[in-house]
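Residue numbers (the working numbering), protein chains in the order written: chain V, 1 to 632; chain X, 1 to 166; chain P, 1 to 105.
Hints were generated in silico from the structure; no laboratory data involved. C-beta atoms are modelled at their ideal positions from N, C-alpha and C, and glycine is treated no differently. Wrong hints could be hidden among the right ones.
[Claimed, not checked] The calculated label-pair distances, taken between Cβ atoms and stated as ranges, are: (1) G194/V - A112/X: 56 to 62 Å; (2) A112/X - S595/V: 23 to 29 Å; (3) H29/X - V47/P: 22 to 28 Å; (4) A71/V - S87/P: 52 to 58 Å; (5) S595/V - K25/X: 47 to 53 Å; (6) M74/X - N10/P: 39 to 45 Å; (7) L92/X - V47/P: 23 to 29 Å; (8) M74/X - Q5/P: 42 to 48 Å; (9) V581/V - L92/X: 56 to 62 Å; (10) N10/P - K25/X: 34 to 40 Å; (11) K73/V - F69/P: 47 to 53 Å; (12) Q5/P - V88/X: 32 to 38 Å; (13) W6/V - F136/X: 55 to 61 Å.
[Stated by the list, open to error] Which residues of chain P face chain X? A few of them, derived with a C-beta cut under 8 Å, are: (14) I6; (15) I13; (16) G26; (17) E41; (18) T56; (19) V67; (20) F69.
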Amino acid sequence: MIKLVWLVPLLPLIGFMIIGFFGKKLSKGLVGTIASGAVLGAFAVSLGIFFELGGQTEKSVTIDLFSWITAGKLSIPFSFLVDPLSSLFLLIITGIGFLIHLYSIGYMHDDEGFSRFFAYLNLFVFFMLLLVLGSNYLIMFVGWEGVGLCSYLLIGFWFKNTAYNNAAKKAFIMNRIGDLGFLLGIILIFVTFGSISYNEVFEQAKHFIGDNSVITAIALLLFIGAMGKSAQLPLYTWLPDAMAGPTPVSALIHAATMVTAGIYMVSRSNILYTLSPFAMEVVAVVGVCTALFAATIGLAQNDIKKVLAYSTVSQLGYMFLALGVGAYTGAVFHVMTHAFFKALLFLGAGSVIHAMSGEQDIRKMGGLKKYIPITHLTFLLGTLAIVGFPGFSGFFSKDEILAHAWEHNKLLWFLGVLGAAMTTFYMFRLYFLTFKGSFRGTHDQEHHLHESPKSMTIPLIVLAVLSVVGGLIGIPEVLGGHHYLEAYLKPVFEDSSLRLVHHLSHETEYILMGVAISVMALAMYFAYNKYVKNKTLPANEGETLNPIHNLVYKKYLIDELYENVIMKPINFIGEALHKVVDNQIVDGIVNGFGSMVTGVSGVIRKAQSGNIGFYVFVMVISIVLILFTQLF
Amino acid sequence: MITQYVFYFLSFLAIMFGLMVVLSKNPIHSVLYLVLTFFAIAGHYVLLNAQFLAAVHIIVYAGAIMVLFLFVIMLLNLNKETEPHKNVWLKLSAAVASGLLLVVLVGSLKNAEMIAATNTFDPNVGLIENLGKTLFKEFLLPFEVASLLLLGAMVGAVLLGKKSIK
Amino acid sequence: MSAIQIIPINWYILLSAVLFTIGVLGVLFRRNAIIIFMSVELMLNAVNLLLVAFSTYLSDSAGQVFVFFIMAVAAAEVAVGLAILMSVYRNTKSTDIYMLNKLKG
Chain V
1 MIKLVWLVPL LPLIGFMIIG FFGKKLSKGL VGTIASGAVL GAFAVSLGIF
51 FELGGQTEKS VTIDLFSWIT AGKLSIPFSF LVDPLSSLFL LIITGIGFLI
101 HLYSIGYMHD DEGFSRFFAY LNLFVFFMLL LVLGSNYLIM FVGWEGVGLC
151 SYLLIGFWFK NTAYNNAAKK AFIMNRIGDL GFLLGIILIF VTFGSISYNE
201 VFEQAKHFIG DNSVITAIAL LLFIGAMGKS AQLPLYTWLP DAMAGPTPVS
251 ALIHAATMVT AGIYMVSRSN ILYTLSPFAM EVVAVVGVCT ALFAATIGLA
301 QNDIKKVLAY STVSQLGYMF LALGVGAYTG AVFHVMTHAF FKALLFLGAG
351 SVIHAMSGEQ DIRKMGGLKK YIPITHLTFL LGTLAIVGFP GFSGFFSKDE
401 ILAHAWEHNK LLWFLGVLGA AMTTFYMFRL YFLTFKGSFR GTHDQEHHLH
451 ESPKSMTIPL IVLAVLSVVG GLIGIPEVLG GHHYLEAYLK PVFEDSSLRL
501 VHHLSHETEY ILMGVAISVM ALAMYFAYNK YVKNKTLPAN EGETLNPIHN
551 LVYKKYLIDE LYENVIMKPI NFIGEALHKV VDNQIVDGIV NGFGSMVTGV
601 SGVIRKAQSG NIGFYVFVMV ISIVLILFTQ LF
Chain X
1 MITQYVFYFL SFLAIMFGLM VVLSKNPIHS VLYLVLTFFA IAGHYVLLNA
51 QFLAAVHIIV YAGAIMVLFL FVIMLLNLNK ETEPHKNVWL KLSAAVASGL
101 LLVVLVGSLK NAEMIAATNT FDPNVGLIEN LGKTLFKEFL LPFEVASLLL
151 LGAMVGAVLL GKKSIK
Chain P
1 MSAIQIIPIN WYILLSAVLF TIGVLGVLFR RNAIIIFMSV ELMLNAVNLL
51 LVAFSTYLSD SAGQVFVFFI MAVAAAEVAV GLAILMSVYR NTKSTDIYML
101 NKLKG
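Just chain V, with the same shape it has in the complex:
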């Protein structure tokens, strides 16, 4: 099966090509079948690879496909690296990706861009698989850029709306900033190690002696790339705006692909980070700050998708916190569980929006429990998973991260728990406002309320089951379980874990767990008290809020800050350069040359009399002159 790994990205690519070229001629059912089938096929192969890899002793297999770039001493093969990390990501991407495809068949059914949508989705999955499978940084970079392109295409899918287009551009440009860092990192890796293939780089890095400031620089540059792609402070603002795309796209970007790319890249390069404590410190601090910051914004949002978007940013912050404190397995574990419940929540939100005929404001919802029971139940399970309710998948992964954070630095742990409490609060706020209470929408909307079709609810159910049981592969030792995931991923993080010693007594772990659970319960109680018992509603537009609430509601005015501090000056400079340098100087020079040629040729043209005799005469004279100057 491992030998067939090239099939995994190839199938979605073929799907993309068929749908992209012939999509208009095919029926909707066929398009949906091809697209979903391609990803399902990739999932089947990935599953085979996962189990084959688990069963064999050779944990890292490189499949050479062809020689890609050869120039001087630079030789980059196009090859795939199959190891526990990439095979796990393959499963997440193709598995969640397939469910989202399935869901989209129902969700996008009435959209005129149906086939275009599926072509983009397949392309998205293809690039993400390329990113994960590549055996060197360049292939990863290709996937990385491709994912950025597809996110642009999908966020701006409804391109007739200017605001959506702006959101797409924002995502693209924010990502570019990060990509520059990533590219510089790759170049620095090549300069330092003379290779960009993972195996060679990590092998050399292991024995790297001397000044590790180069490693720190590499790690930080790569992290800038991860910041852009995984929406960390300060490059996170594109992710909430990315809600402009269709809801399945949000699910795909937030859960299975795109944002996890940064986590994947850092955990892939774990040895480089382990060698540079400073870079790890930066990663951890940025992560925890993002987690807290986004969580506070999430507290005050009224758009169902915006809340989920900020929760994604926040959860990504947790993953980087995990990476920063050396809990690589924890980060990957959280990527996986987060993929389950965040996909579930987004698809659930999509189902709610579908039922509400496009309404996204939770102030206009309420009491949906009895109208859309399946969505309600699965959404509740997803919420419990994300807040870390004991036994659900989020609990185990979050607990692992927090335990490592405690070990590393008590303050990081405290902030992490605070963020978790806020997560609990806003998630239950969202849940209560949406499903409990009485309906607050218009009469028309109430009349239309209906459960979504099967193709939408089945993915919800599957994801709900995964969200509940997904954590079981990572039950920590302290609870008497086997951390299967840790064992599976061990070969990838072996070199790092040798350098990072973990020791935490069981008692401490129990206490930490207890604290986390009680904080979560407390936050849940507050949310219940406020939104169910007292039936408080978020303030309507235009109502005066207290200054802090207002600031949070306006997302700390970060967008405005960026606009004023970065965009306006750049626009001003651009305008000035355009008016003065371009229009006056550059155009002046270019036009000057043009008019000079016109003028001179107008004069010289007269010499072209058409008289051959004269031409010959001039020729002879010229020959004489040339001979004269050359010979004497």
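Given the coordinates of chain V, work out where chains X and P should sit on it, guided by the hints.
Just chains X and P now, kept in the frame of chain V:
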């Protein structure tokens, strides 16, 4: 000694007939003077032990090319002195220009360093045997290409010579 | 006994130069395209003569082979050139090159 005199005589003939080609008013006379010039040049070839080349020269130039010229002139009925006169200044400038060219060419000779004949003199160079060997060994490809050139010229001439190309 | 052993090569160069210049003079001097054509032939022959002279001087037959090629090219040139002249004459009823000034810029 006789060789030397023959050389002077032939050179004199060549230059004189050459001038007559340019200066005579009647095109037919020009052609005939050119034929004589070619004969003088052929004489030079003989002096230079290039007998075969001299024969070919007579056959191709005097025999074929010049006949073609004569044929065209007669066909176009140009044998009268129909040529309108050029402006005197133009004639003068033409003479001055060509005179300058001659001066420059001759002047350049003065500074030129003569390469000495390296190998010993071989009187057989101009014989058919030697020429044939060189032609078909070293210059086989150009020889074949030349045949293509002639073919192309022939086709072109036939096409151009047709009354009207539709 | 060859002439080249008695007569210095410079004389041949001089003779060729003179013949060549006469050709140039013809081109500049005359208006009749046919005469100009013949002047061009004269120039070609001046070069031929020089090639033969040097070929004999250096005892290298390559020079004489080149003369063959020049003859072939000249024959082709004359055939095509005269054909062109014919069609020019057919159109303008003249072989005066001063009539052919349509290439005015």
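Consistency of the hints with the structure:
no.	hint	in the structure
1	G194/V - A112/X: 56 to 62 Å	59 Å, holds
2	A112/X - S595/V: 23 to 29 Å	48 Å, violated
3	H29/X - V47/P: 22 to 28 Å	25 Å, holds
4	A71/V - S87/P: 52 to 58 Å	57 Å, holds
5	S595/V - K25/X: 47 to 53 Å	52 Å, holds
6	M74/X - N10/P: 39 to 45 Å	41 Å, holds
7	L92/X - V47/P: 23 to 29 Å	27 Å, holds
8	M74/X - Q5/P: 42 to 48 Å	44 Å, holds
9	V581/V - L92/X: 56 to 62 Å	58 Å, holds
10	N10/P - K25/X: 34 to 40 Å	35 Å, holds
11	K73/V - F69/P: 47 to 53 Å	50 Å, holds
12	Q5/P - V88/X: 32 to 38 Å	47 Å, violated
13	W6/V - F136/X: 55 to 61 Å	59 Å, holds
14	I6	5 Å, holds
15	I13	6 Å, holds
16	G26	4 Å, holds
17	E41	7 Å, holds
18	T56	5 Å, holds
19	V67	6 Å, holds
20	F69	6 Å, holds
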